[in-house]
Amino acid sequence: MTKPNTGELNPQESAASEIKSYATGFIVSLLLTVGAFAALLSDLPSTWKIVLICVAALLQIIVHMRNFLHLSFSGGQSREDLLLVLFSVCLLAIMAGGTWYIMSDLGGRMHQASGSDAAMPEAPTR
Amino acid sequence: MSGETSPIVGNLDWNVTPYTDLLKHVDSSTIVGAGAASVLVLGAIAGLVLFTYMRWWGPLYRNWLTSPDAKKIGIMYIALALVMLARGIIEGFVMRAHQAMALGTLAQKESGLVAPDHFAQLFSTHGTIMIFFVAMPLLIGLINFVLPQQLGARDMAFPVLNQVSLGLTAAGAGLIMISLLVGQFGTGGWTMYPPYTGKIFSPGEGVDYWLWAILISGMGSTLTGMNFAVTIFKERAPGMHLMRMPLFCWTSLCVAIMLIYAMPALTVSSVMLALDRYADFHFFTNAAGGNMMNYANIFWMFGHPEVYILILPAFGVFSEISSTYSGKRLYGYTSLVIASMSIAVISFTVWLHHFFTMGQSAGVNIAFGIATMIIGIPTGVKIYDWMATLWRGRVRITAPIVYLTGFFLLFVIGGLSGIILANPSIDYQVHNSTFLVAHFHNVIIPGVLYGMLAGIHYWFPKAFGFRLSETWGRRTALLFVGGFIFTFMPLYVLGLMGMPRRSPTFQNPDFMPWMYIAAFGGVLMLCALASLCWTFWTSYRNRRALAVPGGDPWNGSTLEWSTPAPVPEWTFPCIPRVKAREDWGETKRRGDPWRSPETYTDIEMPANTAHGLLIAGASFTLGFAMVWHIWWLAILGVLAIPGLVVLRGMRVIEPNIIPAAQVEEEDRRFRQQVASLPPATRADEETERNRGVPDLSEFAG
Numbered sequence: 001m002t003k004p005n006t007g008e009l010n011p012q013e014s015a016a017s018e019i020k021s022y023a024t025g026f027i028v029s030l031l032l033t034v035g036a037f038a039a040l041l042s043d044l045p046s047t048w049k050i051v052l053i054c055v056a057a058l059l060q061i062i063v064h065m066r067n068f069l070h071l072s073f074s075g076g077q078s079r080e081d082l083l084l085v086l087f088s089v090c091l092l093a094i095m096a097g098g099t100w101y102i103m104s105d106l107g108g109r110m111h112q113a114s115g116s117d118a119a120m121p122e123a124p125t126r
Numbered sequence: 001m002s003g004e005t006s007p008i009v010g011n012l013d014w015n016v017t018p019y020t021d022l023l024k025h026v027d028s029s030t031i032v033g034a035g036a037a038s039v040l041v042l043g044a045i046a047g048l049v050l051f052t053y054m055r056w057w058g059p060l061y062r063n064w065l066t067s068p069d070a071k072k073i074g075i076m077y078i079a080l081a082l083v084m085l086a087r088g089i090i091e092g093f094v095m096r097a098h099q100a101m102a103l104g105t106l107a108q109k110e111s112g113l114v115a116p117d118h119f120a121q122l123f124s125t126h127g128t129i130m131i132f133f134v135a136m137p138l139l140i141g142l143i144n145f146v147l148p149q150q151l152g153a154r155d156m157a158f159p160v161l162n163q164v165s166l167g168l169t170a171a172g173a174g175l176i177m178i179s180l181l182v183g184q185f186g187t188g189g190w191t192m193y194p195p196y197t198g199k200i201f202s203p204g205e206g207v208d209y210w211l212w213a214i215l216i217s218g219m220g221s222t223l224t225g226m227n228f229a230v231t232i233f234k235e236r237a238p239g240m241h242l243m244r245m246p247l248f249c250w251t252s253l254c255v256a257i258m259l260i261y262a263m264p265a266l267t268v269s270s271v272m273l274a275l276d277r278y279a280d281f282h283f284f285t286n287a288a289g290g291n292m293m294n295y296a297n298i299f300w301m302f303g304h305p306e307v308y309i310l311i312l313p314a315f316g317v318f319s320e321i322s323s324t325y326s327g328k329r330l331y332g333y334t335s336l337v338i339a340s341m342s343i344a345v346i347s348f349t350v351w352l353h354h355f356f357t358m359g360q361s362a363g364v365n366i367a368f369g370i371a372t373m374i375i376g377i378p379t380g381v382k383i384y385d386w387m388a389t390l391w392r393g394r395v396r397i398t399a400p401i402v403y404l405t406g407f408f409l410l411f412v413i414g415g416l417s418g419i420i421l422a423n424p425s426i427d428y429q430v431h432n433s434t435f436l437v438a439h440f441h442n443v444i445i446p447g448v449l450y451g452m453l454a455g456i457h458y459w460f461p462k463a464f465g466f467r468l469s470e471t472w473g474r475r476t477a478l479l480f481v482g483g484f485i486f487t488f489m490p491l492y493v494l495g496l497m498g499m500p501r502r503s504p505t506f507q508n509p510d511f512m513p514w515m516y517i518a519a520f521g522g523v524l525m526l527c528a529l530a531s532l533c534w535t536f537w538t539s540y541r542n543r544r545a546l547a548v549p550g551g552d553p554w555n556g557s558t559l560e561w562s563t564p565a566p567v568p569e570w571t572f573p574c575i576p577r578v579k580a581r582e583d584w585g586e587t588k589r590r591g592d593p594w595r596s597p598e599t600y601t602d603i604e605m606p607a608n609t610a611h612g613l614l615i616a617g618a619s620f621t622l623g624f625a626m627v628w629h630i631w632w633l634a635i636l637g638v639l640a641i642p643g644l645v646v647l648r649g650m651r652v653i654e655p656n657i658i659p660a661a662q663v664e665e666e667d668r669r670f671r672q673q674v675a676s677l678p679p680a681t682r683a684d685e686e687t688e689r690n691r692g693v694p695d696l697s698e699f700a701g
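Protein chains in written order, with the UniProt record's numbering: chain A, 1 to 126; chain B, 1 to 701.
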């Protein structure tokens, strides 16, 4: 079908490889989703759970971009694709990092660092 | 509302309309509520009768609702926005009128035109409507109309997706409108912060109306952003390099980028709130580890880029009109491009300034405060560029230039009050006061509203073939300027005097003089709205005298002025080969710009389809059913949307082919007409002698 990033139709190449790519993507993303739920339901310590879910999420993004959105770093449009990915990563890093920065600061000031939600905030000692 | 949820009609019953409130209890508040619902009902009936009497249903369906033409979609977006603008301005006036009567005493704490709960609904709908259903459709409509023409393209990259986006926006607007008649709207302001908007404190349908209107129209806006970006990257005419694009296209690109990256944040925060409300999740409750502060965080991650989504197209419009009406080339093109792109990126780094007082450390506030002050720099660069463009030009004081002048004077004041608010220590003093209300109206009205109205005035002849009345255009512009000054300058004073925003009542008689001035400003805004309507009507009546078949009434220099007015469906008989920035101006300088192309070819245009209309119907049904917990209908709506997409995907759809002979005939007729029309000088621009063919010897731009 379509070669990545050229837009040219290649009738020689059968539709089978295209379908195979989609099917691989579908199965891998399904496994990653199930894996994330499995990690959540497992008996691992919660830090490990969070790490595993984050890794699964990042892999999920890569699978989607590669197999479903046909992003490729080789071919006629690789420079555009690279710029697009870098720009997206930059903005998402601002959003995710900013959230982390803000919410952890707020959490610290709410004395939530120990993870005990019910703990009453003590009077400020400053 | 009764306690039980019926399986058939959900939470709906006969007690949800404002008329039952009026029957139960007659006071000014229920009268206003029932009056608003009656306006909606009578307006709808009048519309139905008018369309039936004039036999407009067929043409409306065939030529407009099913058209995938980006120009028509743009016009429909703007029509939707103007209807919503009328409601938004009237609501604003009701709020001003209420507060002018809302002085309470110790004995009687509440007074005024409407009840406190009704007042809260008013400011919530006013904000939601003005941001999501006036400003957004205005700018998306204008970009839809102008962008392909300026790029030298015939249509958007995805015409049917464009239709779907319009449908989703209209479905959201429909939900907001129907909330006047069926049930109540939310009372949490346009941001709907939990925990107040959670199920415990807001159990009714109000917040759900907001959620579904936002989710549905937000989806449409995200899709529109993608459509714009792909159009700009892939559909430019040959030779139209990025650095040859008119500035309006550049700001559209910035808008597209921001829509793509910012709108999902709104969708995420709304989905999380919806899950809290419908499925007992705890994202934003204190119980079970939720944190309502994260709502403010995610919401404003969208919300701040949003304000630049609103303002950047206006900056694009001002770049175009400052150049055209002063007869000069745009000053500092490259700096304007860099400034626009800087704004687009920096706008993603400042969102915390909307909640400086939420309780984070001073260090966090300082970081975002500095980022906020930095974003003022590129905006300042732009103001200087436009002033330098006007400098020593032969400026014609047309309606858009009146808007531009109002923008210069007022937007700078609004921007400066923004820089003041960017300082966290000052923000602690004035946050949540009417100082803030004055600030954001001061950037949104002179920025977005003036920019969009100036743009409508500027490109109106391209859409309908006749100019708008300059006299009435200038009157409208002056009324909007005066209305703004009288309504919102007093709010700065009131804010510094300590008046909280959104307060339905107050006990300080010192506020009253300023309240009266603001209420007078509200009257002026109503007059401006009436004057705007009259401008369209009187121009329509005089359309023969105002007709500009030559298509270039302002002696412009960008590609869209090379085509007839009204512009045909295919826009360009032959896709232009662009050789310079402001290519049409370059062609004028070389002489004989209206040469016909050598050959004509068949033109392929997307065929009409009802796809967008059906998706809009399904998503409106889904939204309404979810609001009223009519589960069977919601399931039908959810299934209908993917079903419609699959159905369309399985059909072979032939494009609409316009034969070369027809294109040639119409194009030759246009070129003969241009040759026969007398050229109009700048001095004649506002007179009947302006037939859309400018005097090329005067072109200097």
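Don't read these hints as lab results, they were simulated from the structure.
Treat each hint with caution, since some may be false.
As the list claims (entries may be wrong) - Here are the computed distance ranges between Cβ atoms for each label pair:
1. A:L40 / B:A44: 46 to 52 Å
2. B:K24 / A:V55: 55 to 61 Å
3. B:T357 / A:L92: 25 to 31 Å
4. B:R651 / A:D105: 51 to 57 Å
5. B:R651 / A:T24: 26 to 32 Å
As the list claims (entries may be wrong) - The following residues of chain B were derived to be distant from chain A, with all beta-carbon distances above 12 Å:
6. M258
7. T349
8. V364
9. N365
10. I420
11. N423
12. F464
13. C527
14. K579
15. P597
16. L636
17. R648
18. V674
19. R689
Think of the CB as a built atom: it goes at the ideal place given N, C-alpha and C, for glycine as much as any other residue.
Non-conforming hints, listed in increasing numerical order: The structure conflicts with hints 6, 7, 8 and 9, although it agrees with all the remaining ones.
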